[in-house]
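Engineer: Sequence:
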Amino acid sequence: MKIHQLNLEKHNNYHKISAMLGPFPLWFKTSSECLIACNDASPFLCSALIPAMFLGEDIEIDRRYYVSASLLEKLPLIQTMMHAWNPIFKRIKVNANTQTFKPSASQLGHSAFFSGGVDGTYNLIKHQEQLDNLVLINGFDFSMPQPAWQQLVTRCQKTAKLFNKRLICVESNLKEFTGWTSLARFANFGASLASVSLLLNPKSMAISGAVTYDAINPSNSHPLLDPLWSSESCQISHLGLEADRAAKIALIKHYPEALDNLWVCWEDPSSNCGRCSKCHRTYMALQLNNISHFQFSQEVEFSALSKLRPKSDEDLSFYEYLYQLAIKQHNRQLSQVLRKIIWRYRAKAFARETDRLILHSVCSKWRQKKIAQHQLADVNVFPKYSDAIQLERLHQRIKQNPRFISSANIGSVFD
Numbered sequence: 001m002k003i004h005q006l007n008l009e010k011h012n013n014y015h016k017i018s019a020m021l022g023p024f025p026l027w028f029k030t031s032s033e034c035l036i037a038c039n040d041a042s043p044f045l046c047s048a049l050i051p052a053m054f055l056g057e058d059i060e061i062d063r064r065y066y067v068s069a070s071l072l073e074k075l076p077l078i079q080t081m082m083h084a085w086n087p088i089f090k091r092i093k094v095n096a097n098t099q100t101f102k103p104s105a106s107q108l109g110h111s112a113f114f115s116g117g118v119d120g121t122y123n124l125i126k127h128q129e130q131l132d133n134l135v136l137i138n139g140f141d142f143s144m145p146q147p148a149w150q151q152l153v154t155r156c157q158k159t160a161k162l163f164n165k166r167l168i169c170v171e172s173n174l175k176e177f178t179g180w181t182s183l184a185r186f187a188n189f190g191a192s193l194a195s196v197s198l199l200l201n202p203k204s205m206a207i208s209g210a211v212t213y214d215a216i217n218p219s220n221s222h223p224l225l226d227p228l229w230s231s232e233s234c235q236i237s238h239l240g241l242e243a244d245r246a247a248k249i250a251l252i253k254h255y256p257e258a259l260d261n262l263w264v265c266w267e268d269p270s271s272n273c274g275r276c277s278k279c280h281r282t283y284m285a286l287q288l289n290n291i292s293h294f295q296f297s298q299e300v301e302f303s304a305l306s307k308l309r310p311k312s313d314e315d316l317s318f319y320e321y322l323y324q325l326a327i328k329q330h331n332r333q334l335s336q337v338l339r340k341i342i343w344r345y346r347a348k349a350f351a352r353e354t355d356r357l358i359l360h361s362v363c364s365k366w367r368q369k370k371i372a373q374h375q376l377a378d379v380n381v382f383p384k385y386s387d388a389i390q391l392e393r394l395h396q397r398i399k400q401n402p403r404f405i406s407s408a409n410i411g412s413v414f415d
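In case it helps, the numbering used here puts the sequence shown at residues 1 to 415.
Please note that a few of the clues may not be correct.
Listed next, the in silico DSSO-like pairs over lysine-lysine satisfying Cα-Cα at most 27 angstroms (straight line) [unchecked claim]: (1) K74 x K93; (2) K311 x K278; (3) K203 x K158; (4) K175 x K384; (5) K278 x K203; (6) K16 x K175; (7) K74 x K2; (8) K10 x K203; (9) K16 x K203; (10) K328 x K340; (11) K340 x K311; (12) K175 x K10; (13) K328 x K311; (14) K74 x K158; (15) K2 x K175; (16) K126 x K161; (17) K2 x K399; (18) K158 x K126; (19) K2 x K90; (20) K253 x K158; (21) K203 x K175; (22) K158 x K16; (23) K278 x K175; (24) K2 x K93; (25) K16 x K102; (26) K90 x K384; (27) K384 x K399; (28) K253 x K126; (29) K278 x K253; (30) K278 x K328; (31) K307 x K340.
Think of the hints as simulated: they come from the structure by calculation, not from any bench.
With the sequences and hints as input, model every part of the structure.
Structural biologist: See the structure below:
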């Protein structure tokens with residue numbers, strides 16, 4: 001995969017930097033107050049590494065550009081971890097000029113990624129004395145059109161002002177790039193955040209962890225992996241694993257304005273829908289913290305809670321923590337609901353393992369034959385039978401379209 005054609009456009013209120021990653025045009029926009037190095041390819045190297053490993057292609061960076069020497073030195077360890085988790089990610093070589101970056105007085109101060117949720121708000125409160133900036137991205141975890149994006153910016157700006165922090169907005173087509181490569185969200189999650197970190201180049205950048213130390217699973221955003229993306233001048237950390245979701249809300253409730261401004265929902269940036277799994281999970285954590293005044297746009301139906309379906313062991317850990325807290329508080333109603341959710345997940349996991357060990361995966365192979373090509377799961381950090389199929393399809397797309405045309409509908413606060 002060749003990284004070339006870096007281009008920095010300077011506008012009145014924002015800068016846009018772009019580069020070709022193979023056939024894909026990746027770009028970032030941010031405030032013109034942020035200093036962007038026009039020849040530093042480090043952000044694009046972070047974005048390209050996992051897709052290139054998936055394709056099994058070495059990375060060649062145009063000799064007119066350079067990357068952080070420290071970052072390049074740590075790439076073999078990053079690759080070792082990703083390959084150990086899923087061998088579909090092959091070890092590759094990266095050919096690039098390097099520079100040793102030096103911290104400077106003009107750098108942004110200590111920063112943290114923030115989108116208004118429980119994890120980010122918890123870390124903001126806990127580290128408010130150290131943090132200077134909050135970084136909000138459109139086009140990474142979600143691609144919001146203009147109205148929704150402006151609403152979320154307004155919501156996050158309110159929390160930033162509450163704690164006297166500067167909100168920095170970044171816009172990108174990272175999500176489109178990850179989707180084009182058939183990678184799942186958590187296969188390129190930390191690498192994408194690292195690319196924004198090295199683009200802005202603050203003194204430090206904090207990524208908010210979603211799980212606790214005893215529930216860590218392989219993920220591209222991981223407390224062992226995230227710091228490896230650091231450069232000499234920007235230290236990346238993974239924080240917040242000492243507290244589960246209920247414990248985080250227990251801290252946030254001491255800051256009523258921050259609590260009222262939480263956004264935990266994917267459905268509507270102007271409110272919390274009260275219908276999705278994230279709203280339901282947060283509702284249970286709120287109940288266990290005796291918080292009844294939190295506003296959902298639709299009242300949560302208690303009967304709907306038992307229908308929740310954890311999607312992974314990591315997801316299950318959220319419910320297990322809530323269950324233990326419900327038992328401790330003698331909350332019989334919630335504990336019964338949570339026990340049902342956990343039991344259903346474990347029963348299905350037991351059935352899958354029985355099929356694998358005793359029936360030699362007869363059932364899973366039968367189900368695989370029934371799945372249409374367009375329904376195949378994206379490639380993640382855990383191996384799946386469909387990984388090789390997705391890889392072949394990606395190779396075919398690249399052959400058919402030697403230059404991808406970006407069409408992501410990403411709202412902007414700069415235009």
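Engineer: Does K203 pair with K158 here, judged by a C-alpha cut-off of 27 angstroms?
Structural biologist: holds, 24 angstroms
Engineer: Keeping to a limit of 27 angstroms between CA atoms, is the pair of K158 and K126 held or broken?
Structural biologist: holds, 18 angstroms
Engineer: Does K93 sit within 27 angstroms of K2, going by the straight-line distance between their CA atoms?
Structural biologist: holds, 12 angstroms
Engineer: Going straight from one Cα to the other, do K158 and K16 come out at no more than 27 angstroms?
Structural biologist: holds, 26 angstroms
Engineer: Straight-line Cα separation of K328 and K311 no greater than 27 angstroms?
Structural biologist: holds, 25 angstroms
Engineer: Is the hinted pair K253 and K126 satisfied, with a Cα-Cα distance of at most 27 angstroms?
Structural biologist: holds, 13 angstroms
Engineer: Decide if the proposed pair is consistent with the structure: K16 and K175, CA atoms, cutoff 27 angstroms inclusive.
Structural biologist: holds, 17 angstroms
Engineer: Next pair to validate is K253 with K158; report whether the Cα-Cα distance is within 27 angstroms.
Structural biologist: Roughly 17 angstroms separates the two Cα atoms, so the pair holds.
Engineer: Check the hint pairing K384 with K399 against an upper bound of 27 angstroms on the C-alpha distance.
Structural biologist: Measuring from Cα to Cα gives roughly 24 angstroms; hence the hint holds.
Engineer: Would you check the hint for K2 and K90, treating anything up to 27 angstroms between C-alpha atoms as holding?
Structural biologist: holds, 17 angstroms
Engineer: Is it true that the CA of K175 sits at most 27 angstroms from the CA of K10?
Structural biologist: It holds: about 23 angstroms lies between the C-alpha atoms, which stays within 27 angstroms.
Engineer: Does K16 pair with K203 here, judged by a C-alpha cut-off of 27 angstroms?
Structural biologist: Measuring from Cα to Cα gives roughly 21 angstroms; hence the hint holds.
Of the hints listed earlier, those the structure fails to meet are numbers 5 and 14, in rising order.
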